[in-house]
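Protein chains in written order, with our numbering: chain A, 1 to 414; chain P, 415 to 576.
In silico BS3-like pairs for lysine-lysine, Cα to Cα no more than 30 Å straight-line:
1. A:Lys28 to A:Lys59
2. P:Lys571 to A:Lys28
3. P:Lys490 to A:Lys47
4. P:Lys500 to P:Lys490
5. A:Lys47 to A:Lys28
6. P:Lys539 to P:Lys567
7. P:Lys500 to P:Lys545
8. A:Lys288 to A:Lys392
9. A:Lys409 to A:Lys347
10. P:Lys500 to A:Lys253
11. P:Lys490 to P:Lys571
12. A:Lys231 to A:Lys28
13. A:Lys392 to A:Lys315
14. A:Lys59 to A:Lys47
15. A:Lys315 to A:Lys409
16. A:Lys53 to P:Lys567
17. A:Lys338 to A:Lys237
18. P:Lys539 to P:Lys490
19. A:Lys315 to A:Lys338
20. A:Lys59 to P:Lys567
21. A:Lys53 to P:Lys571
22. A:Lys256 to P:Lys500
23. A:Lys231 to A:Lys256
24. P:Lys545 to P:Lys490
25. A:Lys28 to P:Lys567
26. A:Lys59 to P:Lys571
27. A:Lys47 to P:Lys571
28. P:Lys490 to P:Lys421
29. A:Lys315 to A:Lys347
30. P:Lys500 to P:Lys421
31. A:Lys59 to A:Lys237
32. P:Lys567 to A:Lys47
33. A:Lys409 to A:Lys288
Just so you know, the hints here were simulated from the structure itself, not pulled from any lab data.
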Amino acid sequence: MGHTLIEKIIMNNTGLETVSPGQIVTTKVDRVMIHDIFIPFVAEKFKEMGFSKVWDPDKVVLIYDHMVPTSTVEDVRHFQIGDAFAREQGLTHVHRTDGICHQLMPEMGYAAPGQVVFGTDSHTTTYGAVGCFSSGIGYTEMAAILGTGELWVRVPETIRIEINGELPANVSAKDIILRILGDLRADGATYKALEFGGSTVEGLSVASRLTMSNMSVECGAKCALVAPDEKTAAFSKVSMDQIAWIHPDPDAKYEKVLHYNAADLVPVLACPSQVDNIHPVSELVGTKLDEVFIGSCTNGRLEDLAAAAQALESKTVAPGLRLIVTPASRSIYREAVKAGYIETLVKAGAIVTQPGCGLCCGRAGGILAEGETVLATNNRNFLGRMGPSSVKIYLASPATAAASAAAGKIVMPE
Amino acid sequence: MAQFTGKVWLLGDDIDTDIIIPTEYLALPTVDDMKQYAFSPLRPELAGQIRPGDIIVAGKNFGCGSSREQAPEIIKHLGVACVIAKSYARIFFRNAINNGLLLIECPLHDDLQEGEEITVFPGEKILAGGKSYPISPLPQNLLDILEAGGLVKAMQKRNGLL
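Put together the whole structure using the sequences plus the hints.
Structure representation (structure tokens):
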């Protein structure tokens, strides 16, 4: 019997000749990511467990992003504890101001095709876009990995999502994944793996695939994989030979297969306050906005900034509306400057911020007031996420967000 | 694990980690400081009403949302004997076991009234309202962690500290 993509990666990692859903296996971890929010807890639990040395310092990546730049005096404590832990353990992969963890991990090659990677953040599913088995865990488990280099996992069932055909010009990867979340619902893939394929997915850039894998945790998925191809090899700087084994077998056994015709898809929004509350943008046209946010680990990549710049070329942000743009990493920021996107956005009236997680996680950099409405490109619209519980959060693509910023209300992307 | 009897508190579907403990209280110094705010967006009085040995019974997708581990830690610190839900979000499930909080998957929610007493025979069955509900045992590796009292203690044992 054939195997799905996640089964192949687990078999390669564990050396087992076959695995099947439900089986509990112990993986040898290829890389871990710890971010600033949880490093104090990881360091504390690591010592409490009786460990003194990290199993392999080269496999540990420490990224400061949720608190960069700081917004309270206490935030600095997290950097101090992180720096002390890095010094003590000889960690060299420490990023203090370079960008958001889920952008840096694939961008820097820390998360690569065929690997097994865990992070202390739920959106660690992002790296599935480059054919990497990556998933979020808590800080206690992270401390145990640092000591042992291992983690048990239950081999997940796989849901295959086949998307074929050409996307309409105003439909992006964000619209695709929102539609899938609306269909699967918030618990539709709990404990399970998603596997994206079909001609539409093959046609998407790696950046667009990262958007889809990123948001897959919102339907409970353990991981969300795309089989690596030439684009992945170029992005992850690996050879085609190295990734040749990373594909599902033709006779792989899926729990179910969902089929989408790309030509039928339309621009959509996640409406307050559930990620699976999906409606076509056309139904919400005219909804007044106080703020628009373009950025995050979901949609802060170069193509997202390009889409925003294109929609705002020779236009201005609507009077009274705040447009906040946050590139996902320093390198994306620099490329966007070189390409002129930042110039276009700033000229239009955008506030461009340092790469980081502040606004998406509701800590800093554009928090909303009672009763306000925001259209955002990030991944969660939970009650109270970006301000008080009365704030209404709509999630959409960068093209929808930028066009709406110019209009001051929700409009269709061009 | 021995059988136990407890009073039921009923919660619905999709109880997310922001409901279990809102972000604004995560900066409090200890889990004991935070626990009074458990479930506050939904039922502000609930944390004060839960007594040690009580049982939370919920719908589907309990613990969805972020990876914050304070969510199961707080439920454990409130003295809750176990949570019985139709299903759990995956990171919450792992975090709960790692903090020594027993989780049981069972579609019990729709058959119960709040305040009822039920008896749990771990790995075997639940007796509620004169009916018996079968439950599956947890895999051995998870039972080992639970029985050690959580992952920190399991690792301390591994490292010869206990």
